[in-house]
Amino acid sequence: MGKSVITWNSNIDFGNWQRRFLASCLLLIMTGCAAVPQSLELSREPGNLPRRVMLDEVAFFPQVKYQCGPAALATVLSHRNVDVVPESLVEKVYIPERKGSLQIEMVATARSYGKLTYPLENQLKALLAELAAGNPVLVFQNLSFSIWPQWHYAVAVGYDLDNAELILRSGTYREYRLPLATFERTWQRAGQWAYVVMPPGDIPVTATPENYLLAAYDLERAGFNQLALESYRGAAKRWPENSTALMALGNSEYSMGYMAQAQSVFIRVIQRHPEDGSAWNNLAYALAGGGCQQAAVSAVQCASRLAPTDNNIKQSLSEISSMDNSRGASCQVLSCPIEPSSQ
Numbered sequence: 001m002g003k004s005v006i007t008w009n010s011n012i013d014f015g016n017w018q019r020r021f022l023a024s025c026l027l028l029i030m031t032g033c034a035a036v037p038q039s040l041e042l043s044r045e046p047g048n049l050p051r052r053v054m055l056d057e058v059a060f061f062p063q064v065k066y067q068c069g070p071a072a073l074a075t076v077l078s079h080r081n082v083d084v085v086p087e088s089l090v091e092k093v094y095i096p097e098r099k100g101s102l103q104i105e106m107v108a109t110a111r112s113y114g115k116l117t118y119p120l121e122n123q124l125k126a127l128l129a130e131l132a133a134g135n136p137v138l139v140f141q142n143l144s145f146s147i148w149p150q151w152h153y154a155v156a157v158g159y160d161l162d163n164a165e166l167i168l169r170s171g172t173y174r175e176y177r178l179p180l181a182t183f184e185r186t187w188q189r190a191g192q193w194a195y196v197v198m199p200p201g202d203i204p205v206t207a208t209p210e211n212y213l214l215a216a217y218d219l220e221r222a223g224f225n226q227l228a229l230e231s232y233r234g235a236a237k238r239w240p241e242n243s244t245a246l247m248a249l250g251n252s253e254y255s256m257g258y259m260a261q262a263q264s265v266f267i268r269v270i271q272r273h274p275e276d277g278s279a280w281n282n283l284a285y286a287l288a289g290g291g292c293q294q295a296a297v298s299a300v301q302c303a304s305r306l307a308p309t310d311n312n313i314k315q316s317l318s319e320i321s322s323m324d325n326s327r328g329a330s331c332q333v334l335s336c337p338i339e340p341s342s343q
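1 is the number of the first residue of the sequence shown in our numbering; add one for each residue after it.
Treat the hints as calculated values from the structure; they're not laboratory data.
Honestly, I wouldn't trust all of these hints.
Quick list of in silico lysine to any residue cross-link-like pairs, SDA-like style, CA-CA up to 20 Å [claimed, not checked]: (1) Lys65 to Ser88; (2) Lys314 to Gln294; (3) Lys65 to Asn142; (4) Lys125 to Gln192; (5) Lys125 to Ile203; (6) Lys65 to Arg174; (7) Lys125 to Glu41; (8) Lys314 to Ser278; (9) Lys92 to Ala108; (10) Lys65 to Glu175; (11) Lys65 to Gln150; (12) Lys125 to Pro50; (13) Lys65 to Val90; (14) Lys237 to Gln294.
Whenever a hint applies, use it, and build me the whole structure from the sequences.
What follows is the structure, given as structure tokens:
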């Protein structure tokens with residue numbers, strides 16, 4: 001999730017010619033050569049956003065030299081009730097020889113504590129919307145230039161649109177107020193990378209079904225199957241008409257051994273999309289897992305009629321049809337939208 005980029009030491013002792021070079025570049029940036037359309041638009045038309053937000057309850061961990069990554073990560077994790085301090089994260093995310101932290105390791109480490117990590121859209125309005133919803137945002141900045149980067153992690157904890165400021169836990173500052181335009185530039189130069197760290201089942205206010213399901217799947221791949229299930233349940237509640245969310249939930253319920261729940265979810269999909277062969281196929285497995293072999297055979301036969309060229313369904317038909325179908329006569333059998341051929 002995200003490119004592998006490292007933080008960089010901001011305390012390098014440059015030579016005189018390097019100092020002159022940086023001074024010239026600083027003058028160039030102060031003259032306003034970089035466009036900041038998002039911050040300007042937000043100042044004029046904030047939409048439904050409150051004018052001011054401040055998440056005072058977010059913890060503050062002053063940055064030790066070079067270690068903005070562990071400090072920022074501890075900030076967002078502690079907000080989600082993880083008992084952690086930057087020192088305990090150093091070995092997990094900090095690379096001494098590079099004096100920095102990889103983005104991919106920051107995300108993976110947050111996930112290793114059983115939290116769902118969600119990447120925000122590259123829109124400043126999305127970042128502010130999450131703050132307005134009470135979610136601190138882990139951000140990545142380039143405080144220098146593309147040709148001479150100075151990477152930095154911080155945590156956005158508030159904003160003030162009247163003064164056009166973003167408020168950060170940053171470095172050794174508990175409440176660092178940065179002009180929105182300046183933040184937008186430094187954020188753009190770092191690829192507009194931003195994440196929220198959420199309890200499983202809680203959904204970011206700006207989340208899309210596709211990206212949230214991917215984040216839940218990442219949690220599942222990390223071995224947190226029950227927590228991933230909670231996330232899928234949250235997705236199905238948030239987007240009850242989304243078949244992808246329902247199928248993901250049904251598969252998760254099935255993998256956890258909750259056959260009745262899986263059957264119920266797949267039936268919901270079939271009721272909305274009766275000609276979905278995959279839903280019939282998955283329902284067949286959930287029925288078989290629940291001891292409803294006769295109903296399972298009927299369901300997989302329906303799936304085969306709906307998708308006769310699907311090799312996975314062909315395999316399912318062979319597998320489920322070979323099961324003992326003497327049991328489960330009392331299980332519900334749904335009507336297939338395609339009747340068996342009379343030939």
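Outcome of the hint check:
1. Lys65 to Ser88: The given pair, whose Cα atoms are some 15 Å apart, holds under the 20 Å limit.
2. Lys314 to Gln294: 17 Å, holds
3. Lys65 to Asn142: 17 Å, holds
4. Lys125 to Gln192: Holds. Lys125 to Gln192 sits at ~12 Å (cutoff 20 Å).
5. Lys125 to Ile203: 17 Å, holds
6. Lys65 to Arg174: Status holds; Cα separation ~16 Å.
7. Lys125 to Glu41: Distance ~9 Å between Lys125 and Glu41 Cα, so the pair holds.
8. Lys314 to Ser278: Measuring from Cα to Cα gives roughly 11 Å; hence the hint holds.
9. Lys92 to Ala108: 10 Å, holds
10. Lys65 to Glu175: Holds, because 18 Å separates the two Cα atoms, which is no more than 20 Å.
11. Lys65 to Gln150: 14 Å, holds
12. Lys125 to Pro50: 12 Å, holds
13. Lys65 to Val90: 12 Å, holds
14. Lys237 to Gln294: Judged against 20 Å, a Cα distance of about 31 Å means the pair is violated.
In this structure, only the earlier hint numbered 14 is contradicted, and the remaining ones agree with it.
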